[in-house]
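Asker: Given next are the chains, with one letter for each unit.
Protein chains: 2
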Amino acid sequence: MDREGTVFQDLSHLVLPRSIVVVGASDKPDSIGARTIENLTTYSTWKGELTLVNPGRQTAAGMPCLPSVLDLKTVPDVAIVSVRAEHVVQSLNECGERGIPFAIVFTSGFGEMGEAGHAVEAQMREIVARTGLRIYGPNCPGLNNINAGLGMSFSPAYRIDRMPGPIGVATQGGGVGRSFMQSAMARGVGTGLWFSGGNEADLQVSDYIHYMADADDIRVIYTVLEGVRDGPRFMAAALQAARRGKPIVALKVGKSDYGAKAAASHTAAIAGSAEINSAVFRELGVVEVDDIGEAVDVATLLARGQPTGREKIAVYCFSGGSGALTSDRIGIEGLEMSELAPATLDKLKKVLPPYAPLGNPVDVTGEVLADANIAHATIEATVKDPNTQVVLVPIPVEYGKTTQLLAECMVKAQVGEKTPIVPIWMSDREGEGHRLMVEGGLAPIRSVRNAVLAVKRHVGYGRWLAGRDAAWQPLGQPQAAPGERTAMSEAAAKKLLQAAGVNAPVGTVVHSAAEAADAFAQMASNRVAMKVVSAQITHKTDVGGVQLGIESASQAEAAFEAIRQNVSAHHHPSVIEGVLVEPMLDKPFVEAVVGIHRDSVFGHVCTFGLGGVSIELFKDVSRRLLPLTPASARAMVMETRCHDLLVGHRGQTAFDVDALVQTLVRLSDFVVQHAEQIEELEINPLAVRPQGQGVAALDAVLTHSSKENFKW
Amino acid sequence: MDREGTVFQDLSHLVLPRSIVVVGASDKPDSIGARTIENLTTYSTWKGELTLVNPGRQTAAGMPCLPSVLDLKTVPDVAIVSVRAEHVVQSLNECGERGIPFAIVFTSGFGEMGEAGHAVEAQMREIVARTGLRIYGPNCPGLNNINAGLGMSFSPAYRIDRMPGPIGVATQGGGVGRSFMQSAMARGVGTGLWFSGGNEADLQVSDYIHYMADADDIRVIYTVLEGVRDGPRFMAAALQAARRGKPIVALKVGKSDYGAKAAASHTAAIAGSAEINSAVFRELGVVEVDDIGEAVDVATLLARGQPTGREKIAVYCFSGGSGALTSDRIGIEGLEMSELAPATLDKLKKVLPPYAPLGNPVDVTGEVLADANIAHATIEATVKDPNTQVVLVPIPVEYGKTTQLLAECMVKAQVGEKTPIVPIWMSDREGEGHRLMVEGGLAPIRSVRNAVLAVKRHVGYGRWLAGRDAAWQPLGQPQAAPGERTAMSEAAAKKLLQAAGVNAPVGTVVHSAAEAADAFAQMASNRVAMKVVSAQITHKTDVGGVQLGIESASQAEAAFEAIRQNVSAHHHPSVIEGVLVEPMLDKPFVEAVVGIHRDSVFGHVCTFGLGGVSIELFKDVSRRLLPLTPASARAMVMETRCHDLLVGHRGQTAFDVDALVQTLVRLSDFVVQHAEQIEELEINPLAVRPQGQGVAALDAVLTHSSKENFKW
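Protein chains in written order, with this note's numbering: chain E, 1 to 712; chain D, 1 to 712.
Quick caveat, the hints were computed from the structure, so don't treat them as lab data.
One thing to keep in mind: the hints can contain errors.
Put simply, identical chains are the same to the list, so a pair is met inside one copy or across any two.
Capping the alpha-carbon separation at 30 Å, the derived lysine-lysine pairs in DSSO-like fashion look like this [to be verified]: (1) Lys73 x Lys384; (2) Lys350 x Lys456; (3) Lys347 x Lys456; (4) Lys619 x Lys587; (5) Lys418 x Lys587; (6) Lys540 x Lys347; (7) Lys350 x Lys261; (8) Lys261 x Lys349; (9) Lys347 x Lys261; (10) Lys619 x Lys456; (11) Lys495 x Lys261.
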């Protein structure tokens with residue numbers, strides 16, 4: 001069991017079995033069974049025990065075939081199942097009965113086909129529950145443990161795409177995994193382990209990520225997610241990777257309506273809300289990318305060494321235009337160029353002609369580059385510069401001998417140096433120079449924009465890792481209690497908040513115009529707000545249930561009547577439990593909005609932003625999983641673009657950010673204590689008053705599970 | 001002379017000269033002179049007359065050398081100058097005297113070296129002015145007219161990089177041009193004409209763009225701009241390209257501080273404000289890109305046909321994951337997927353297996369693709385679909401025979417069809433399929449993100465072209481009168497605005513506390529604002545010169561004193577011309593900000609946005625060159641994200657957008673009439689009142705050239 005309470009099975013013997021049985025073995029040319037055996041024998045260096053099962057054959061590929069796994073003398077670690085769809089359940093049943101721990105099911109024709117297929121997958125899960133067999137697939141191309149020389153796959157591409165390396169891949173579909181693998185290989189970086197788990201009837205991407213987090217041969221994890229099915233499991237796996245300092249590079253499909261629709265048409269996974277997904281990824285240090293190409297850029301760079309988050313960049317170029325383009329992107333992406341140390345500048349000055357501008361970018365001009373000594377001396381000086389942690393080398397053109405020479409100097413200069421030299425091979429024409437860089441481990445990236453973006457992600461991961469709170473665990477309660485939801489009245493919700501230590505002023509609840517006038521007279525304030533009290537009405541303004549700026553007892557009487565009439569136009573008058581008379585807060589204050597809701601995948605998420613156009617038009621909000629800590633709550637406040645307003649930019653009023661942060665944490669603690677019951681809590685507005693004056697929840701809505709009354 | 005009043009010389013004889021003289025001819029192996037002659041003879045099919053000049057030689061490359069261009073019997077169209085830097089001015093002088101119309105100067109060592117070099121370039125311009133010679137360069141690799149088989153270049157790469165084609169390129173530096181050219185060639189699209197004009201002592205990128213706008217062999221123009229030196233010239237060239245329906249794809253260097261610094265270190269061009277540049281590009285239909293790779297994607301797509309702006313997209317795929325990824329990006333970029341016509345669906349249904357989901361994306365699965373007939377029938381049905389104008393085909397992997405077959409079917413299906421089939425070759429491993437697509441003219445793009453972005457730019461250009469106002473011309477007065485600037489007092493500025501038809505209420509100017517009290521008593525409003533009147537003070541609030549919400553005569557007296565004392569703390573009391581007493585406008589109104597300022601490159605630019613956080617934190621503004629038209633002013637208002645607030649989203653108050661638009665046009669007309677004098681005009685706030693109630697300029701600042709008083 002994992003620290004988070006999520007159980008992860010040890011997958012060592014799935015990934016590197018001591019023995020394998022192929023169920024559905026065949027030697028019919030080009031059949032799935034035959035190709036599988038070929039991959040396991042001819043193209044694998046694996047030395048384990050291989051047995052074959054096929055009731056209709058005596059032998060396959062020159063080896064004996066048994067009628068059933070029940071006839072096996074010993075229990076293999078893995079059964080590879082490639083029988084016809086209608087026989088899969090029986091085969092799995094037999095595997096389970098025989099005590100086989102893992103089955104890899106190639107066969108398709110299940111969940112991806114619709115309802116009937118889903119039902120068969122449910123049967124597979126019953127076998128898992130009953131026998132302890134764990135299922136990988138169905139509808140998958142297999143599992144390639146390339147670092148161990150083992151291809152459990154029917155794909156004819158296995159024989160080509162097997163370069164060992166530090167990257168581990170976990171995908172559902174096959175194409176998006178192999179695409180990554182081919183591109184990384186073309187840049188000289190191998191994918192040592194590839195899980196392509198298809199429909200995920202049982203085991204899922206999170207299980208594979210968790211395995212790779214602990215696997216010694218994997219340094220970077222790449223995953224494509226069509227949807228996260230089990231949020232707490234994914235979060236536990238991601239936290240394990242973080243503990244091991246292994247970045248997860250993730251591509252999420254289904255961020256737009258078109259994407260979600262297309263994903264749904266071929267997998268069973270639910271594509272959750274893109275914003276929540278991205279927020280959770282950010283919080284867990286998962287590096288989200290937009291494209292497979294970007295994933296290759298980022299993963300191959302991260303594979304070269306763990307970033308610190310404090311990297312500064314030098315640009316080394318032999319074409320002024322490409323140097324300027326690269327510097328430009330560095331500035332646009334908010335990264336920092338390094339200031340070269342005086343000793344570095346001295347070294348450059350010694351070998352460069354007098355007219356060459358000294359500094360960063362290091363522009364050695366095309367002429368100079370033709371001299372191997374100068375080229376080597378300058379790139380060596382740059383990579384050894386103590387103020388530089390990444391060297392970007394934009395190469396605009398394939399230029400025959402010149403780019404070849406440059407490549408040789410770069411590869412030589414990289415030896416023994418920790419600072420990565422990252423070539424940007426901008427031309428679609430590849431040449432000998434490109435080949436040398438690939439061979440030399442420099443993993444060239446294709447365009448300036450992509451290269452700088454990859455560095456940004458690299459540095460960002462380093463910064464996250466350096467700042468992460470190792471003790472923090474997400475609450476992880478996505479499952480709501482079944483049944484209807486109940487909303488509380490504002491007054492009731494505010495009383496709960498008060499008990500939780502949140503300043504939520506409640507006025508007087510009145511039931512008649514006369515009581516309203518009395519209440520006004522007894523208020524210390526000479527300006528009050530009046531609001532309908534009703535558990536049935538969450539949007540009080542929409543039904544005319546709010547009257548503001550009341551400044552006399554007679555106005556209070558009139559306001560009471562107005563509220564009564566307005567609300568009665570929308571609801572039966574009996575829903576009106578009363579009218580709240582509250583003193584209005586003196587300006588200045590800033591109106592913030594805090595919402596906590598239960599996400600059905602990841603559990604409770606807190607959303608913070610300032611009210612008005614900031615939220616409505618600019619969607620300027622920050623999000624965090626519960627529980628918040630003082631540090632994460634402060635970060636939430638500071639990362640909205642509106643934080644300038646709170647801290648008082650340009651000499652304006654500074655507001656009580658400390659009280660705001662404390663309130664966010666108290667709200668979080670309150671929801672954590674009642675996580676099973678609370679579905680949604682929104683304070684809108686939360687007035688943030690000037691420094692030292694605290695905050696005040698001016699309205700509150702709380703929705704909870706309605707099986708019984710709210711308990712606390 | 002061009003319609004805009006900008007003079008463009010006819011460059012036909014520079015681009016395709018009837019005769020060329022090489023000044024500095026040589027046959028020293030690998031010298032610039034020798035390589036130039038080789039490119040002109042061995043590697044060019046050009047049939048014009050070639051003569052050579054070199055005072056130190058009798059012959060070069062087996063041809064006679066004359067001592068000077070003055071000795072030439074006839075006048076060549078172009079002199080290619082490759083003499084040493086110290087002899088360039090003399091050579092150009094002789095070219096001018098001999099009446100040669102164009103000189104291409106390869107020699108470097110001028111403006112890029114600093115001050116002394118700039119001075120020599122000024123001498124070159126004197127020769128231009130005196131003799132009519134036009135200079136291309138210096139410090140340039142030459143001019144390649146590949147469509148005409150003519151390389152006026154010393155570059156050894158010319159012999160390799162010469163694929164004729166519909167793209168024309170105009171750059172300053174060489175690397176960023178050749179990078180584009182190599183990549184476009186690798187995708188099967190040739191660059192037929194490449195201007196690489198180096199330091200641009202005389203002719204500049206705008207001249208080359210203007211030439212290409214009218215050149216029959218060029219359909220798409222690509223340019224890299226380190227800075228726009230002459231804004232009106234650039235705008236005139238861009239408008240000419242628009243008239244011809246030829247897109248300009250532009251990459252601007254120097255958008256960040258790092259980029260601007262790096263650009264400045266190797267060219268003499270001024271990198272203007274990135275925001276203004278981008279706004280001008282958008283308004284002129286120039287397609288701005290971020291990266292050379294993006295430029296290749298966009299230009300090669302635009303070269304396949306002019307977009308209408310109404311393109312809808314079909315995705316054709318054989319891997320569900322890549323189809324979903326592509327659909328996702330289409331949604332994220334705000335593009336539209338096509339709804340396949342019933343007849344198309346019928347065709348697909350006939351050949352696809354029953355389980356294949358019918359619709360867009362067209363997912364034919366990998367198995368199906370192995371059947372050439374089905375593959376061809378499905379891609380043909382997709383490209384012929386009447387509701388589809390672009391077909392994207394994501395190909396996640398190089399897959400040997402499968403991708404080869406796919407390529408064959410795509411190339412065949414494209415024949416005779418206008419709708420472009422755009423392959424997305426996602427793998428870094430290229431194969432036979434890729435080669436066939438390149439050969440077949442399908443110009444594959446490398447990644448899903450890039451491909452969808454290219455389609456977005458393509459469609460965006462079509463939309464711009466369809467909506468452009470052919471009669472509109474920019475004002476184009478970037479040059480301010482020399483000398484100091486003078487600011488007008490608010491009262492004076494408002495009076496000018498009133499005369500221009502803008503509602504700018506001016507109250508009463510008072511000079512004592514007693515007068516203030518009197519003025520208050522005579523106001524119709526019982527709430528007034530008081531503001532210091534002074535031409536010396538533009539930021540009245542910063543010096544305590546504004547008092548709001550005054551509701552009694554005695555408050556007015558006190559406010560007068562407060563303003564006097566506050567302002568006196570910052571300025572000598574004599575700068576106070578008086579205090580303005582103005583009625584305060586009743587709520588509700590929306591505070592807009594309108595600014596017009598003279599940009600030193602492009603001339604007067606109008607900036608519009610809503611006040612408060614929208615401008616300060618979110619930079620939510622729109623910009624247009626003057627003059628505004630009713631349509632462009634309305635577009636300005638509608639394209640800010642805050643426009644929802646003005647039109648009254650979700651049943652809230654709608655404000656007077658018509659009056660706002662009318663006011664923007666009147667302000668534009670006013671500034672156009674006085675463009676020589678007006679440097680800056682800002683109305684902040686411009687109150688936009690509810691529909692039918694108009695707008696009111698509540699404050700105004702006008703800065704003009706101060707040689708004399710403002711005339712109107």
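Asker: So which of the earlier hints does this model not fit?
Answerer: 1, 2, 5, 6 and 11
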